[in-house]
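Work out the full structure: start from the sequences and follow the hints.
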Amino acid sequence: MSKKVPQSHIRNFSIIAHIDHGKSTLADRIIQECGAVTERQMSSQVMDTMDIEKERGITIKAQSVRLDYIAKDGEHYILNLIDTPGHVDFSYEVSRSLASSEGALLIIDAAQGVEAQTIANVYIALDNDLELIPVVNKIDLPSAEPYRVLEEVEEAIGLDCTEHSLVSAKTGQGVPELIEAIVDRIPPPNGDETASTKALIYDSWFDNYLGALALVRVYEGKIEKGQKIEIMSTKEEHQVLDLMYPNPISPIKTDSINTGEIGIVVTGLKSVDGLQVGDTITDAKNPTAKSIEGFESAKPFVFAGIYPIETDKFEDLRDALNKLKLNDSSISFEPESSLALGSGFRTGFLGMLHMEVIKERLEREFNLELIATAPTVIYEVEKTNGERVTIQNPFDLPPAQNISKIYEPYIKATILTPTEFLGNIIKLLNDRRGIQVKMDYINETRVLLEYDIPMNEIVMDFYDKLKSTTKGYASFDYEPIGFREGNLVKLDIRVAGEVVDALSIIVPEEKARSRGLAFVNSLKELIPRQLFEVAIQASIGNNIIARTNVKSMGKNVTAKCYGGDITRKRKLLEKQKAGKKRMKAIGSVNVPQEAFMAVLKLE
Amino acid sequence: MLLYIHIPYCDSKCYYCSFNSYTDKFYSRENYILALIKQLEFELKRFRVKTCNIESIFIGGGTPSTITPKLYEYIFKTLEPFIMSGAEITIEANPNSATLSWLSGVYELGVNRVSFGVQSFNNRKLRALNRSHSTNQAINAVKNAKKVGFSHISLDLIYNYMNDTKEILKRDIDIAFNLPIDHISAYELTIEDGTKFSLTPEVKQEDNDLAFFIADEIKRRGFEHYEISNFGKYKSYHNRGYWQLKDYIGVGAGAVGFKKDRRYYPSINIDNYIKNPLDIREEILTKEDILTEKIFLGLRSNIGIDETILNKDIVKKADFLVEKGKLIKDGKVYKNINFFLSDEIALYLL
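Sequences listed follow chains A and B, in order. Heads up, the first sequence is in the working numbering, so the first residue is 1 and it goes up one at a time. Heads up, the second sequence is in the working numbering, so the first residue is 1001 and it goes up one at a time.
It is worth saying that the hints were derived from the structure and are not from the lab. What you are looking at is a predicted structure, and each value in this text was computed from that prediction instead of being measured. Even for Gly, the Cβ is constructed at its ideal location relative to N, Cα and C. Any given hint could be a false lead.
Said to hold, decoys possible - Pairs of lysine-lysine residues, derived as DSSO-like cross-links and limited to a Cα-Cα distance of at most 27 Å, are as follows: (1) B:Lys1125 <-> A:Lys577; (2) A:Lys551 <-> B:Lys1204; (3) A:Lys571 <-> B:Lys1013; (4) B:Lys1294 <-> B:Lys1324; (5) B:Lys1275 <-> A:Lys575; (6) B:Lys1335 <-> A:Lys580; (7) A:Lys577 <-> B:Lys1317; (8) B:Lys1246 <-> A:Lys569; (9) A:Lys551 <-> B:Lys1317; (10) A:Lys581 <-> B:Lys1045; (11) A:Lys555 <-> B:Lys1260; (12) B:Lys1324 <-> A:Lys581; (13) B:Lys1275 <-> A:Lys577; (14) B:Lys1326 <-> B:Lys1316; (15) A:Lys551 <-> B:Lys1329; (16) A:Lys569 <-> B:Lys1316; (17) A:Lys575 <-> B:Lys1146; (18) B:Lys1294 <-> A:Lys571; (19) B:Lys1025 <-> A:Lys577; (20) B:Lys1316 <-> A:Lys577; (21) A:Lys575 <-> B:Lys1287; (22) B:Lys1146 <-> A:Lys569; (23) A:Lys524 <-> B:Lys1013; (24) B:Lys1326 <-> A:Lys524; (25) A:Lys580 <-> A:Lys555; (26) B:Lys1259 <-> A:Lys580; (27) B:Lys1326 <-> A:Lys580; (28) A:Lys571 <-> B:Lys1316; (29) A:Lys577 <-> B:Lys1294; (30) B:Lys1332 <-> B:Lys1045; (31) B:Lys1125 <-> B:Lys1013; (32) A:Lys569 <-> B:Lys1196; (33) B:Lys1259 <-> B:Lys1316.
Unchecked claim - Anything over 12 Å on all C-beta distances counts as not near chain B; from chain A, calculated: (34) Lys235; (35) Leu370; (36) Arg513.
See below:
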């Protein structure tokens, strides 16, 4: 059992950084320095426990760890390290993690300098009144320029960097000094120990043995084993079955989590649904007066249809989604059916990466083969009869004559780029209907841009385009800023005369013609030749605005079939048949899976 | 009843060939023929073959011209009472081993059709395919066969080997038609697993136009295109039997036999076969398997598909293809007008 210490000896801190600036490596190094993990147990990035996180080198779920530390002053301190997800899709989780801390290490790569995400996260940290310690990482790199980077931080963020740490998480250089700085500079928690329980759920997940678990920060009072607690947004009451402190190897049991501490609450719930991130836990008999501010359910931002390739796997997909939902309440899904793809689910995600990760987990952990349609945002439609509807699937957009106004979600995009790519980026943003809000030179080589831009233009292939036009040097972050009216139309694709519901997209009217043409041409390349010539058309309502043809096939035969070994030939044919079955038949046309994502790659 | 006899010996292994044959087992030839006769006697009983009941015989390989007429005599002695008068008896031969005396020897035994593995009249291409004969040997072999008395002579050609052009193939066809042949099998090169070419699959070129070009050139000279790869003034009775799913006996290591709903596979390994020629694997075909085979075989050749074997669903699709000009209907039989599309049409119907 980890020793109890007074609040004055507790330090709760997060690490915020742009992706790849070495956050997880530094976390590992701090854990090691405090002796919580032996050398042998130290696999790289111990805090990233999901396979996909390790493979991609990203952090998806926020993790935490409680560390015992004897400082130079000889006192015993508890350091609670709260790791934060490093991707824009998970910004809500970032904000909740930060809300649980009194301070944060702001990691900046010594060679790359300030990036868009650094700025976005710093604003969240400042909103939460956190003490920030600027930490320049990777100072062992030959290209490291720590002082230039610190100047950039002062210029771009306006943060005083007089007191800072220079470290190499890789070699460990500067890390002991950094830990001392954490003890010295980050304020201890200061909650009312005698008040009723008030704790913030800042992460929750599902454990196969223990059920749903909540990771909490106790602000006031304490949580005790056996206590009856209330979840404030739902008013549900639960018994605390067990309590633990988080540890990278295995959690440490405790009888109470006191004021200022973090810990894991075991309730035995069957799903994380009832333990949403951002919610407040209090005592059921003697509840606290006010819940902690800022709670919102994680809202899906991007939607796509997910369909099993084999139509009889629909129920398997439902089971798999239900299981993932146990652990990730931000996924939403409801059954939908498509003429082209059969039965599947319209699924909501926090963002593009979240969608990719979920699709990959469904395929990998549940052994499903899936088709995902192109991702889309939510639209608010005001109909001529006054009714207001929400559209998650472009195909469901009412006919133009019934629409009075369409509203689409906008985001505020923050982009940091070397000046040499400024022209390219501005062109890209203009093409994507972006509206410039800010353009600041943070020094002579780098520019900070802020744009308001329709989310619809981001879900298509904005990341890839941004990367390719800037050779990967620009960084990007965003936050939703609400809905605005747009001049939008539904573009349908017809294959052999039939509208393919899963291929419909919503586009700005002025771009409909060029998009339609690019779309049909890209489908022409993807749809294999069939027995008959196949017309591929783009239309708005009944107006055909672009068309092309896939020519009919001239030859498909495996020439040899002699010596009487007809079985062999039959098996070859059956193999071809299975190959065709993997494609989706629309009318009598076989359409390969890639076609359903083709819209993402249009020029 | 049809009979196939497999001779698994070759002088050299062609780089594209996946048929069962050996270049280093010539010592076993006599024992092999003895084993083959043992299997033949068994099959004649199993298939309940009556006197004068065998309509055609095909001796394939491998290279049947690596076996002397003397050895074939033993086989023909066993077969004699069962062969129908006027039966088509074909033997495959390689131009380098089909000498005048060999040809006349097998002709004397009653063989009346010979099929030469010519593949090309271009020496460079022959070497690249690892053929063991030359252009001149091929020309002489065909002429010798005619001299000996064969009235039905066929030769094989291969196309879509890399760098094949219309000019190269037109020259092959021109030379072929200057010879006394009444049949050509023109095969597109296929890369088969386990062959030398499977290591360099790029030797096959993908040129669909060339297939149509060859077919047109051969047809233009008066041969009928009666199956994807087969053209002739005379159409092989034996091959047509396979495509109609007639029963056939298959003897030898690597042969295949068929009766009603069963396919028979004797051992492929020569040594095993010699030890136990009756160790025969059996495959049972379902009704669907047979329907599938009837459909694709019918589409690959001018045999077509009889409407009465099809269910309503398939008839509907077939009628649609007739309407679209992809098939024609001749009485109750659907016929394919472009054999090169046969797989695609079969997949559409099935």
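To see whether the hints hold, each was checked on the structure:
no.	hint	result
1	B:Lys1125 <-> A:Lys577	violated, 35 Å
2	A:Lys551 <-> B:Lys1204	holds, 24 Å
3	A:Lys571 <-> B:Lys1013	holds, 26 Å
4	B:Lys1294 <-> B:Lys1324	holds, 22 Å
5	B:Lys1275 <-> A:Lys575	violated, 35 Å
6	B:Lys1335 <-> A:Lys580	holds, 24 Å
7	A:Lys577 <-> B:Lys1317	holds, 16 Å
8	B:Lys1246 <-> A:Lys569	holds, 17 Å
9	A:Lys551 <-> B:Lys1317	holds, 20 Å
10	A:Lys581 <-> B:Lys1045	violated, 44 Å
11	A:Lys555 <-> B:Lys1260	violated, 31 Å
12	B:Lys1324 <-> A:Lys581	holds, 23 Å
13	B:Lys1275 <-> A:Lys577	violated, 40 Å
14	B:Lys1326 <-> B:Lys1316	holds, 14 Å
15	A:Lys551 <-> B:Lys1329	holds, 25 Å
16	A:Lys569 <-> B:Lys1316	holds, 25 Å
17	A:Lys575 <-> B:Lys1146	violated, 43 Å
18	B:Lys1294 <-> A:Lys571	holds, 14 Å
19	B:Lys1025 <-> A:Lys577	violated, 40 Å
20	B:Lys1316 <-> A:Lys577	holds, 19 Å
21	A:Lys575 <-> B:Lys1287	holds, 19 Å
22	B:Lys1146 <-> A:Lys569	violated, 34 Å
23	A:Lys524 <-> B:Lys1013	violated, 43 Å
24	B:Lys1326 <-> A:Lys524	holds, 22 Å
25	A:Lys580 <-> A:Lys555	holds, 16 Å
26	B:Lys1259 <-> A:Lys580	violated, 31 Å
27	B:Lys1326 <-> A:Lys580	holds, 20 Å
28	A:Lys571 <-> B:Lys1316	holds, 25 Å
29	A:Lys577 <-> B:Lys1294	holds, 16 Å
30	B:Lys1332 <-> B:Lys1045	violated, 36 Å
31	B:Lys1125 <-> B:Lys1013	holds, 15 Å
32	A:Lys569 <-> B:Lys1196	holds, 21 Å
33	B:Lys1259 <-> B:Lys1316	violated, 30 Å
34	Lys235	holds, 59 Å
35	Leu370	holds, 24 Å
36	Arg513	holds, 32 Å
When each numbered hint is compared with the structure, violations occur for hints 1, 5, 10, 11, 13, 17, 19, 22, 23, 26, 30 and 33.
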